[in-house]
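Read off the chains here:
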Amino acid sequence: MFFWKHTKKGEPQPRGLDDISPSLRTNLHWLKEDIFVHDQTIAYRGFKTSDPHPRECVLIYADNMVKHEYLSQFVLRPMMRSSLPKHLRGEELAHYAAERILESDGAEFITRYSEIGDKLMDGVGVILIDGCPVAVVVDAQGWAKRAVTEPPSESVVRGPRQGFSEDLGVNISLVRLRLSSPNFKTRFLHVGTQSKTRVAILYLDNVTSMELVEEVERRIKAIDIDAVLDSGYIQELIQDSPYSPFPTIGQTERPDVVAAKVLEGRVAVLVDGSPFALTMPYLLVEAFQANEDYYNHWITATFHRLVRYISFFVTTATPAIYIALISYHPQLIPTNLVISISAARKNVPFPGIVEVIAMGLVFEILREGGVRLPRPIGQAISIVGAIVLGDAAVSASLVSAPMIIVVGLTGVAGFVVPSLNDLAVLIRLSLVLLAAALGLYGFVFGVIAFLLLLSSMESFGVPYLSTMTTLVPQDLKDTVVRVPWWQMVLRPRYLASKDRQRLQGQAGRTDR
Amino acid sequence: MKELVPDHQGMILVLMFIVGNTLVFPLGGLAGPDIWLAFLTATVLALPIILAMARVRSLMQGSTFFVGFERVLGKWPSRILAFLYGGFAWRLACYVVSDVSNFIQTVALPTTPPVVIATFLALLMLWAAKEGVEVLARFAVMVGKVVLAVLAIIFVLLLSQVDLGEFQPVLYNGFKPVLRGAFQILDFPFLETVVLFWVFDCFGRRVSPYKVFLPGFLAASLVLLIMVSTSLAVVGADRYALYYYPVWTAVGRINVSTFLTRLEAIVGVTFAIGSFVKMAVALLAASRCFAYAFGFSDYRFVVTPLAMGVIAGSRWFITTVLEVDQSAVETHSPDEIMFQVVIPLVVWAFAELKAKNGKANGSSQAGGGEEV
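Sequence order for the protein chains is Y and B.
Quick note: the first sequence uses my numbering, first residue 419, plus one each step.
Quick note: the second sequence uses my numbering, first residue 8, plus one each step.
The following block holds chain Y by itself, in its conformation from the complex (with noise of 0.2 Å):
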């Protein structure tokens, strides 16, 4: 990317090839004429330290990605009032200037160009001095950023309400201050030939299994990419079961969920940019898991996540058993209510599947609809949903009303598991297909199906099911029913190789 270039007596020096020149003016020329042509953003403060030797200095940094006031302050404001000694010769000046006159609390130095353009798109102040090969790097990031609030996708009612935002640094930090042992370990990768976007490997020294953050480094690494602009993106690339839809990656918005992944033994994955953190392995049970179970008392949080595993097989389950009932074996419904629903289908003229199907789309196209719509307007939709397309649908006699009860419930139930509410949709059409194919035993080998599916896959090496097909009482202490905490006494054990040992001594619980 850089090449020699022709020069006359008179101009700036030819380039070495990378390394940076001790002549101010040769590098201010290739700065401006070879890697930040163009680049209007780029700002070159130059000054001059101050009497009786004089040096002419110049302060780059890009706009907006620095706090203009700190580089006043603590940068421009020192050297200009203090002097260089006129023996220092070469690197000195800027060691010299980095130990007795910048007043910033990080500096570092670089000697190539290559550098400069990386450093100062991180926001950060470059100075160069005339006579020295060397650029001191100033930290002065100071861009636009958005506060600490609660997640939207995730929100709590009982927990601490402190979500990620799009700042690493600010993420990491989120998570530091709720692990501050010297254990918790951070490791940066850079990703993405154009955004090279950095990327934080977060785990527990202590806890977590070396082949696992290695492998989970491995694969990021591997990635080779454009740009990354949200984990979505590496998620998509390093996940195992690429073309199961069930996900192998869990997502989440809040550092308390991270923390709590990450004692349990797991590798979190933090994205510049992007306020959802990755965790890995990720196991079935995590979707039925909330981080409220573990904040309220155990019998209450045992009860919401049964219901959680209720709804999603009704989301699921419903319309394709409502099906088969109807089309193969009324027998099984009770008399006074097969009346009733054959009362209620007598006038409509289609067969049970196309209003399953029909109405299932209608329900998706408005939720889809909703989703990206302005809040007012949001409204509106609903509004039409409910009157127009529920009610006067069965009054035209173009749905029977059970069917509006099942699709109603099937909807509602979606969104008690949020984080498989769109993977849900897919299961209930491929075993309503199937139950309208073969009655309760195409469901049945639908569900076998998605059985083995979920059997078959694994994520990074810990099979899928793991919690759940485990005959041990201690790993089945947080799947269907979150036991209380002072029985956790051991964590996971597919995940957490080095230390199981959670709770010690008297299991945790001081008053017994």
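Check the hints yourself; a few may be wrong.
Lysine-lysine pairs mimicking DSS-like chemistry, simulated, CA-CA at most 25 Å apart [to be verified]:
| hint | chain 1 | residue 1 | chain 2 | residue 2 |
| --- | --- | --- | --- | --- |
| 1 | Y | K504 | Y | K466 |
| 2 | Y | K450 | Y | K537 |
| 3 | B | K152 | Y | K895 |
| 4 | B | K218 | Y | K895 |
| 5 | Y | K504 | Y | K450 |
These are computed hints drawn from the structure, not numbers from a lab.
Following the hints, position chain B against chain Y.
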């Protein structure tokens, strides 16, 4: 590729394999009211064979299945045996598929041709067999929990209808019917377990085969004993053997305050899921055996043709529910005695001899080696 199944998952796989497609049939109907005695007798008689299988697998510990098997019997005998058992397992898969497809046709979908159902089943088991025994074992645990829970609930609900008088008088016709019933149960389903011998590639520890086969078999025997005796006590000893599906009929009688009724559909669903485990295991065993018999290291490419064959085979061996009933009630045919009793015992004897020789020579050739 080494496939290792954790002990508890293997155990559930054995349990589901035996319980799977047996649930609804009139097992041991020949024993009449002494059915529970027939079950106990069959359990005792089957134990030596189950233990012999576990022992042989335990002696092979440290090598994958076919490598160990070749060490015991030599190359050609083991290939011939594998071929024969491949056929046996494939036929078993056909039987199970036709059991299920005929059952579904009889109780639920009278106008749907069974071959349609068999095709669905064959596609599913093809997939399962390709995924391998590890995935199958996980699947078995997932469905096993549901199946066992359903059976437990049904048992409790049936209790109010149980008439213990149906079991009396004990041994009214002497011990002969008990033995005939016991042999019936041995043949189907207890000793069909020999198919499982070929399915597990390797085990975690030396005691693992015992931990897989023994508790799995005993638990299955207990579950079947409870379900079968309960349904016999509900429908009556004289009618038990006459019904095609006595458990189905018994469960149909459950009526809790006119709300919990018509539960037989749940039995049907449970039966279909349980049978699926069995047919997938049988197809997997058949594929592994045939692939080995013809000298291929990976079995996966044989699965598809064999599964397609099962669709035809399920209509070939058995065409109607009448024949299903006959095959379940019929006692030993000579080939079954061969496959289920004689050959396993002979293999065991060879394995013991080999292990003894290996020890005497001071080598761990027969996979005997050091005791763990």
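Q) Regarding the pair K504/Y and K466/Y, is the alpha-carbon distance no greater than 25 Å? A) Since the Cα atoms of K504/Y and K466/Y sit roughly 14 Å apart, the hinted pair holds (cutoff 25 Å).
(Q) Check whether the Cα positions of K450/Y and K537/Y lie no farther apart than 25 Å. (A) holds (16 Å)
Q.
Given the hinted pair K218/B and K895/Y, is their Cα-Cα distance within 25 Å?
A. Satisfied, since the Cα-Cα distance of roughly 24 Å is no more than 25 Å.
Q) If you draw a straight line from the CA of K152/B to the CA of K895/Y, is it 25 Å or shorter? A) Roughly 16 Å between the alpha carbons, so the hint for K152/B and K895/Y holds.
Q) Quick one, are K504/Y and K450/Y close enough, alpha carbons at most 25 Å? A) violated (29 Å)
Comparing the model with each earlier hint shows a violation of hint 5 alone; every other hint is respected.
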